[in-house]
Each structure stands twice: as structure tokens, then as C-alpha cells.
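The primary structure of each chain is shown beneath.
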Amino acid sequence: MGLTPAELDALLLSFNVAARSVLFSLPLATLIAWLLVRGRFRGRFVLDAFVHLPLVLPPVVVGYLLLVLFGRRGVLGGWLHEAFGIQLAFTTAGAALATAVMSFPLMVRAIRLSLEAVDRGLEDAARTLGAGPLDRFLSVTLPLMLPGILAGAVTAFAASLGEFGAVITFVSNIPGETRTLPLALYTAIQTPGGDAAAARIAGLSLVLGFAGLAISEWLAHRVRRTLGQA
Amino acid sequence: MIRVDVALRRGDFTLDARFEAPEAGVVALFGRSGCGKTTLVNLIAGLLRPDRGRLDIGGETLLDTAAGRDFAPEDRHVGYVFQDARLFPHLTVAANLDFGLKRSRGRQRVIEYDEVVTLLALAPLLHRRPHSLSGGERQRVGLGRALLAQPRLLLLDEPLASLDAARREEVLPYLEALRLRLSLPMIYVSHAFDEVLRLATHLVVLETGRVVAQGPLTEVSLDPTLTAIVGPAAVGAVLDAEVLERDAASGLTRVRVGRSGELKLRAPDAVPGAHVRVQVLARDVILSDRAPAGLSVRNALRGRVVSIDPQGDEACRTLVDLGGARIVAHVTRDAVAALALRPGGEVWALVKTVSLRSLPFP
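Read top to bottom, the protein sequences are chains R and P. If you use this note's numbering, the first sequence corresponds to residues 1 to 230, in order. If you use this note's numbering, the second sequence corresponds to residues 1001 to 1362, in order.
The set of hints was computed from the structure by calculation and includes no laboratory data. Don't be surprised by glycine CBs; every beta carbon is placed ideally from N, CA and C. Any given hint could be a false lead.
To be verified - Calculated lysine to any residue pairs in the SDA-like style (CA-CA distance at most 25 Å, straight line):
id	chain 1	residue 1	chain 2	residue 2
1	P	K1102	R	A202
2	P	K1102	R	R120
3	P	K1102	R	G121
4	P	K1102	R	T226
5	P	K1264	P	Q1279
6	P	K1264	P	N1299
7	P	K1102	R	L106
8	P	K1264	P	R1304
9	P	K1102	R	L134
10	P	K1102	P	D1114
11	P	K1264	P	R1254
12	P	K1102	R	A19
13	P	K1102	R	V118
14	P	K1102	R	P133
15	P	K1102	R	R136
16	P	K1352	P	L1339
17	P	K1102	R	L122
18	P	K1102	R	L146
19	P	K1264	P	R1198
20	P	K1102	R	L138
As the list claims (entries may be wrong) - For each label pair, taking beta carbons as the anchor points, the in silico distance ranges come out as:
id	chain 1	residue 1	chain 2	residue 2	range
21	P	S1033	R	T226	30 to 36 Å
22	R	D135	P	S1132	22 to 28 Å
23	P	G1324	R	A117	42 to 48 Å
24	R	D135	P	P1310	55 to 61 Å
The following block holds chain R by itself, in its conformation from the complex (with noise of 0.2 Å):
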């Protein structure tokens, strides 16, 4: 299954749009998790229900939003670029951001649960052994979480190489710059005579995701095991 220069260059660009995305998103998803769980605050349920958006809206909707914010002459993207030359509309960065947006809740939901499941009898036993807050968090809390961080960041990944509609409606189809492997099949599809190119990337697809998923099982076997907890 030789594919064309071009096809490698999508799959490529999907790996790295997937993983700026899971990168720049896992420390804010661990604080939101955090902020959900552990949090005592007014704006708790908004705060969940915010988060959660991307699952429910479609996803287009999600990419228009993200044009109207962060499009050039967008509230955020014109200071972004003003401030810092950063460019998100039509670029890599923006098609990240998209996949990071879309991506976002199930990278939460993995996250909360796991920090669910933290005993607190063992945060209070490093308290009593001398463990301040932060502390606390880095040398018993987060370790007991990574099989949901984990979890979290593989799935992520997996849904980011996949998405599609936010990121054609906010940074379009460009080759090299933002044509993902769901756009390079859409691509492919509406090109007359693109039957073969369009089924080697579609099981070139499949392929990752069984990959995925398979990882995601492994780490959480390997981590649960180390726990003890299989």
C-alpha cells in the first residue's frame, strides 16, 4: 500500500497537529478536571456544561466560532497577531487548536474520572507525613491519576487525527499547512478518478485507530498492574 507523497505529507501533518493539540491541552484539562472535582466554586455546573459543548454542538458550529474569535479580524485573533505574530486562522497552529477544542471533553472525562478515583486517604496519609498541597498533588495525586492522563491523552489523539468539520470551517483545506487525513479522503473523494486514494487513506485511518486503541489498553494494563490494581 505505497501512498503518494502527498498522502504522506497529510498523515505527517496529522501527527503533528495531533500532537500539539494533546500537548498544549493536557495541562489545562488537568487543571479543569481538577476544578471539577476537587473545586468548591460558584460557576462549577457553567464550568462543566462549557467544557462538555463540543461534544453537542455540531462541530462546524465549533469551527465557525473559532473563525469569529480567533479569524484575523477576530476578538482574540487580531490581538494575538498584533501582540505576538501569532496567526491561527488558515494555519497548522489553527488546525491544533480546532482538534484541541473538539477533543477537549474526552480528554477531561478520562482526567476526572481518574482523579475520581484517587483515594483521598491517601492524600491525608501524605499529610500527616509531612506533604504540603502542592506537594501532595505532585508526589501522590498525579501519579495515581496517570492512567487516566493516559487514557486521556491516547484518546484525544486518536480524535484529533480524526476531526474534520471544525477544522475545515476554521483554518480550511490547505495541503501542507492544514490538510489533515480526513480532509486529504474529503479531498480525495470529490476528485474525479480518486477511488484508490480515497480507500488507502481511509484504511490508512482504520489502521491508526485500531493502533490507538490498542496503546490506550496497553498503558492503562501496564499502569494498572504497577498499582496493583490488576
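Go by the hints and put chain P onto chain R.
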């Protein structure tokens, strides 16, 4: 001194406990399940915040709600051995032990790493992970981890409760060894009087959130409030005794209790001068108005009746002083009348040698 005075209301449970105990020795916090023992130790550790309270340990005030003083648990340096061990599952035994040690830098040393490992026989466990340990091993590691944090006070919340009888016997000697080796103040929570008997020097009895009796174990062992908790069959005086001599012919050991009381009992390992703890169960004591003759009983001690309290319809709780040591006897009202027992009157207490239980207690 350890001074505790805390109050906490949670739903319809109210804890209002006040007690004092010397730092030397082991304080047993004794009471039925649900009486507030764990709540009380959590308040002492700082894991719970009281509505009102004050806590002094060895001259340092760790909590004083009136003065707005409340040390966080991590700043109290109060060690805690949990009922369920609570070892960190992501760390090896060695790393669990190191956890508190690393964070205790600059504090006065209570015990060194090597000594903990030796005392608790942890060497073969160091590279294992908590999930591969047995219940007894887990408690030993939990104990070592708490000690290595160099605490000023060690709380042990029913460390044996989750173990079966065999495992319990496996861990108890380690606790006894610690008591002997360390001068660290300890508060030992238990609902098993047997453990209290083997470890405690001081006893605080808790019932529905209140302290109903407190003092040296030998005194509190005679307290009527204890009867309700341990049941009439387990009530008995706990006496500190000194071994006088061992009679090779009879195999019995003579010990002195109080100033001048003497008991004969079976204590094969006892050497003269050693201290043992003797429990005389109230139901095993027979009272007589004259010196007995022609009985198999080896212990007939002359004493004086201190008090007689009717208990229920038939039984009387009779306190007898035997040359400075006090024992309690359960006898019937009928017997009290027949023997004309009265406070201040002379009496002979007969105790079967085989019913006496002695424990080494230096």
C-alpha cells in the same frame, strides 16, 4: 503531657472529649465501634477540624480554636498508622518508608532508617510493592513509614483490626518491641481489650463521643464503665506485679502485687525482679470470710472490702484491697448476705492459679 479537649458536631453525632495523659507510655483509646475513636484521632492528627478545641503535646499547642491557632496536619508532626495502612500503591516499600523521612529534615530524630528496618524486619520487603504484601506486612510498613517521619506523637488507629487472629499475633510483638524501645508517646485506638492489656499503660474509655473514664490502666481496669463495654465475663483487675521467685518444684512463680500482696501464678519465662502484668478476672475470684483449708486453690489472699455495688438483680461488684493492690470480684447478693460482707470488713480472696493471666510488661 498530652492534653486533648475537642468538640465536634456531625449530624446527630456529637463528640466532646477531654483527656490528659503522660507522654511516657502508650495511651489506649478504648471503646465500642462508633463511639468516636477514629474521629478523635483524626482531630488530633488535624485531618478533621473541631468546632472548638485545644490540643497540647509535650508543651506545644498544636490547636487552640479560642486563640485562632490550628496547625495543618503536615505541620503537626503527628504520625498516623491507619487501620487500612494506606501505603502509596505507586511506590515501592522503600519509597514509602522514605516519604516521611525525606520531609522530616531538620527535625529531631526519633529513630533511624536502619533501626526501623531492623526493628520491624522490613529488609526482605524493601523492593516489593504494597499490593504484593500481606495485611500484616502492610501494617509493619505503615508503622515504619509513620515512625520515619520522626513524629512527636504516634497515633495508631486499630492497626490490627483488619487482620485475622494469626496475623494479629504476627504484628503484636513488633508493637510491643516498639513500646519498649522508643520513648515516643503513642495513642493506640482499639476496641479489643486484649490488645490494650498487652500494650497500654494509660487508658481512656470513650462512649458515644464522651470520655467516661481515664487514668492508669491498673486503676481504670476497675472502673464500672468498662464493664458495660467489655462485658461482665472480661471484667477484671489489671495488676502490675514484680516477680519474686520461681519455685522449681511446683513450677509456680511468686509475684508481688501492690505493697504486700502476693500471688502465685504460672509464668515459666519470668525471672526474679522482672515486671509482669497480671489480669485477675472478676468472675474467677471467690470470697471467703475465713482462711480456707483443704482447697486446691493456691492463691488465698487476705484483704479488706473496699466497696460493694449491687449490679442488676443477683450480682454484686465487690472491690477488695489486697495490701495495696485492688481486685474486683463478682459475687451474688446471696453470698454477700451469707458472709456478712461490708466495706471495711476483712475477707479472703481466692483465685485459681490457672485462671491468672500474666504478660511480660517491663
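Hint check:
{"no.": "1", "hint": "P:K1102 / R:A202", "in the structure": "violated, 54 Å"}
{"no.": "2", "hint": "P:K1102 / R:R120", "in the structure": "holds, 22 Å"}
{"no.": "3", "hint": "P:K1102 / R:G121", "in the structure": "holds, 20 Å"}
{"no.": "4", "hint": "P:K1102 / R:T226", "in the structure": "holds, 23 Å"}
{"no.": "5", "hint": "P:K1264 / P:Q1279", "in the structure": "holds, 13 Å"}
{"no.": "6", "hint": "P:K1264 / P:N1299", "in the structure": "holds, 6 Å"}
{"no.": "7", "hint": "P:K1102 / R:L106", "in the structure": "violated, 37 Å"}
{"no.": "8", "hint": "P:K1264 / P:R1304", "in the structure": "holds, 19 Å"}
{"no.": "9", "hint": "P:K1102 / R:L134", "in the structure": "holds, 16 Å"}
{"no.": "10", "hint": "P:K1102 / P:D1114", "in the structure": "holds, 15 Å"}
{"no.": "11", "hint": "P:K1264 / P:R1254", "in the structure": "holds, 5 Å"}
{"no.": "12", "hint": "P:K1102 / R:A19", "in the structure": "violated, 36 Å"}
{"no.": "13", "hint": "P:K1102 / R:V118", "in the structure": "holds, 23 Å"}
{"no.": "14", "hint": "P:K1102 / R:P133", "in the structure": "holds, 16 Å"}
{"no.": "15", "hint": "P:K1102 / R:R136", "in the structure": "holds, 13 Å"}
{"no.": "16", "hint": "P:K1352 / P:L1339", "in the structure": "holds, 20 Å"}
{"no.": "17", "hint": "P:K1102 / R:L122", "in the structure": "holds, 17 Å"}
{"no.": "18", "hint": "P:K1102 / R:L146", "in the structure": "holds, 23 Å"}
{"no.": "19", "hint": "P:K1264 / P:R1198", "in the structure": "holds, 20 Å"}
{"no.": "20", "hint": "P:K1102 / R:L138", "in the structure": "holds, 15 Å"}
{"no.": "21", "hint": "P:S1033 / R:T226: 30 to 36 Å", "in the structure": "holds, 35 Å"}
{"no.": "22", "hint": "R:D135 / P:S1132: 22 to 28 Å", "in the structure": "holds, 27 Å"}
{"no.": "23", "hint": "P:G1324 / R:A117: 42 to 48 Å", "in the structure": "violated, 59 Å"}
{"no.": "24", "hint": "R:D135 / P:P1310: 55 to 61 Å", "in the structure": "holds, 60 Å"}
Going down the numbered hints, you'll see the structure goes against 1, 7, 12, 23, while the others check out.
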